[in-house]
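Novice: Sequence:
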Amino acid sequence: MIILLKSAPYASEASLGSLFIGYSVAQQAIPTKVIFLEEGLYNLFPNQNSNNSLEIPPISDLILQFIGLMRFYAVPMANSAGPFSKSWLREKRRILQGIRIIDYSEVVEFLKEDPKNVLII
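Those letters in the sequence shown? Residues -16 to 104, per this note's numbering, in order.
Simulated from the structure, these hints should not be mistaken for laboratory data.
Careful, some of the hints might be misleading.
Okay, the calculated beta carbon distance ranges per label pair [to be verified]:
1. 13 - 83: 16 to 24 angstroms
2. 80 - 3: 20 to 28 angstroms
3. 6 - 89: 16 to 24 angstroms
Think of the CB as a built atom: it goes at the ideal place given N, C-alpha and C, for glycine as much as any other residue.
Based on the provided sequences and hints, a complete structural model is requested.
Specialist: Here it is in structure tokens:
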């Protein structure tokens, strides 16, 4: 399964839900890739803490717990040096450890390999 996560964390809880869908699928021994792009890149900041009354763990904590069970990727923005550019993402402590930075061409290859099991959030 491939999950393309384009949603920012918290506002709609789409990110949280998609991570649990990925977890459920991966628990069934189905290879699962979660690819963060566009506003979904905001999910990758370390030490996030949401102000909510649901008492759910921060998304960054969930991602760290799920590394190893699922594969996580980040697609940089097209800007050359700004936030979420490839160089910005590669700087230490900008994003969670264990996230592989890839280009859109790799996303296309993943989709060619598994075109039927794709979730876009």
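Novice: Hint by hint, say whether it matches the structure.
Specialist: Now the hints, each set against the structure:
1. Checked against the hint of 16 to 24 angstroms, the pair residue 13 and residue 83 passes, with Cβ atoms roughly 19 angstroms apart.
2. Between residue 80 and residue 3, the C-beta spacing of about 22 angstroms keeps the proposed range 20 to 28 angstroms intact.
3. Taking 16 to 24 angstroms as the suggested C-beta distance range, the pair residue 6 and residue 89 conforms, at roughly 23 angstroms.
In summary, this structure violates none of the numbered hints.
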